[in-house]
Amino acid sequence: MMERERVLLAGGRRKGDEEFNSSMEELKELAFACDMEVVGEITQNLEKIHIDLYFGKGKTEELKESLEVLQADLVIFNEELSPSQTRNLERFLACRVIDRSVLIMDIFARRAKTKEAQMQVEMARLKYMLPRLSGLTGSLSRQGGGSGLHNKGAGETKLELDRRRIEERIARLERDLNELVGRRQSQRQKREKNEIPLAALVGYTNAGKSTVMNSVLGLHKIAEDKLVLEKDMLFATLETSVRKITTKENRTFLLTDTVGFISRLPHHLIKAFRSTLEEVLMADLLIQVIDISDKEYKKQMVVTESTLEELGASDIPVVYAFNKTDKLTAEELESIKEENGELDCIYLSAKKQEDIQKLVNYVTEDLFEGEVSLQLSLPYKDSKWVAFLQENGTVTALDYGEEAIKLTAVCSNSLYEKHFKNSGFCL
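FYI, in UniProt numbering the residues of the sequence shown are 1 to 427.
In case anyone wonders, no lab produced these hints; they're calculated from the structure. Every value quoted in this text rests on a predicted model; they were computed, and no experiment measured them. Every residue, glycine too, gets a C-beta built ideally from N, C-alpha and C. Among the hints, erroneous ones may be present.
[Said to hold, decoys possible] Each pair of labels, with its calculated beta carbon distance range:
1. Ile49 to Glu160: 42 to 48 Å
2. Arg172 to Lys48: 56 to 62 Å
3. Asn45 to Phe92: 39 to 45 Å
4. Arg132 to Gly182: 41 to 47 Å
5. Gly182 to Glu29: 34 to 40 Å
6. Glu334 to Thr43: 41 to 47 Å
7. Arg96 to His50: 16 to 22 Å
Construct the complete structure from the given sequences, taking the supplied hints into account.
This is how it looks when you write it as structure tokens:
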């Protein structure tokens with residue numbers, strides 16, 4: 001078994017930063033998700049960040065001593081470091097130094113299973129590296145001679161050559177990702193043509209979105225190979241999964257699982273994964289899954305909502321699914337219900353089938369609000385509408401007469417307006 005990397009966490013608390021303790025705890029969870037062993041933590045109250053070393057000289061000396069005593073191989077800072085701070089710290093401490101952004105990108109790189117996710121992570125890493133190249137490639141005076149890839153001449157410095165190669169690779173990745181986006185848009189257009197509503201599970205990482213998704217699939221007896229990855233770990237899911245759900249009332253909708261959000265998620269990662277998260281923008285309803293057993297759940301809701309706003313999804317209706325009620329006492333649950341009384345919400349444990357059924361009922365009522373009851377008389381030459389309504393609505397009565405097919409059905413108002421209102425089929 002491979003020995004885990006021993007890491008020391010470091011963070012500076014600024015005046016008024018009420019989230020510092022929880023963000024340091026989250027940093028520890030992120031390190032665990034990257035299969036690291038956290039052996040210690042160095043923190044300091046900071047009036048201002050030291051331009052060269054982040055901490056002052058005295059605290060950095062303490063950090064160096066702790067590294068030796070605890071035999072750590074790596075220091076992870078809770079805030080994004082400047083390129084010069086990273087270089088100076090690595091020289092001073094004589095070990096590798098990374099920040100929260102790099103750690104999150106490392107996790108994304110480990111979890112990326114699809115070609116698209118791998119390309120998105122690579123692009124985010126390259127965009128992060130670009131302004132930091134001088135520390136990675138050495139002196140500006142060093143020349144990139146020889147006949148290397150895309151070499152533009154002996155006068156080009158190694159730094160310039162590396163920068164150009166990275167920019168070319170980013171441009172290529174953007175082109176390839178745009179092609180994938182085009183393919184997905186064509187799939188969406190087919191869905192829209194069939195007029196199947198879409199609900200998207202969103203929320204903070206590890207809130208239980210994948211568990212909710214799998215519980216809904218299990219409730220509707222959907223094959224095990226359609227289940228999504230479910231693990232008690234930050235960022236277990238990076239890919240967007242879309243599944244078709246048909247309820248016992250014959251209502252069909254699509255349910256999608258998405259990558260979780262986190263506080264201080266690097267902006268370039270949000271941008272890189274924007275194409276994956278576009279599924280959220282196409283949703284008719286967002287189901288924000290919240291782990292109410294986490295004492296920081298309110299702050300996590302704020303992070304989720306601000307990320308949705310950054311994506312341009314803040315106008316989509318939201319149902320709040322307060323998950324993990326099984327971890328609370330009756331008194332704690334009652335208190336949380338009082339705090340959130342004004343929200344459109346449902347309380348559940350994703351492990352309980354009856355709670356998942358309540359959630360499905362809640363979602364279908366929302367998605368299929370404004371349904372219309374129809375009584376139709378269809379000539380046999382127009383019998384295609386029977387299958388159409390069985391697929392996109394609920395057929396409650398069907399009679400094949402001598403001259404026509406008579407049926408009673410329920411469908412969405414938009415379907416009624418588009419296909420039946422002026423068709424001449426309505427009784």
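Status of each hint after checking the structure:
1. Checked against the hint of 42 to 48 Å, the C-beta distance between Ile49 and Glu160 comes to roughly 30 Å, which is inconsistent with it.
2. Remark: the range hint 56 to 62 Å for Arg172 to Lys48 is contradicted by a beta-carbon distance near 41 Å.
3. Judged by the Cβ atoms, the range 39 to 45 Å given for Asn45 and Phe92 is violated: they are separated by roughly 21 Å.
4. At roughly 32 Å, the beta carbons of Arg132 and Gly182 sit outside the given window of 41 to 47 Å.
5. A beta carbon spacing of about 36 Å between Gly182 and Glu29 agrees with the range 34 to 40 Å that was offered as a hint.
6. The supplied range of 41 to 47 Å is broken by Glu334 and Thr43, whose beta-carbon atoms lie about 36 Å from each other.
7. Our hint of 16 to 22 Å for Arg96 and His50 holds, since their Cβ atoms are close to 20 Å apart.
The structure fails hints 1, 2, 3, 4 and 6 (numbered hints given earlier, in ascending order).
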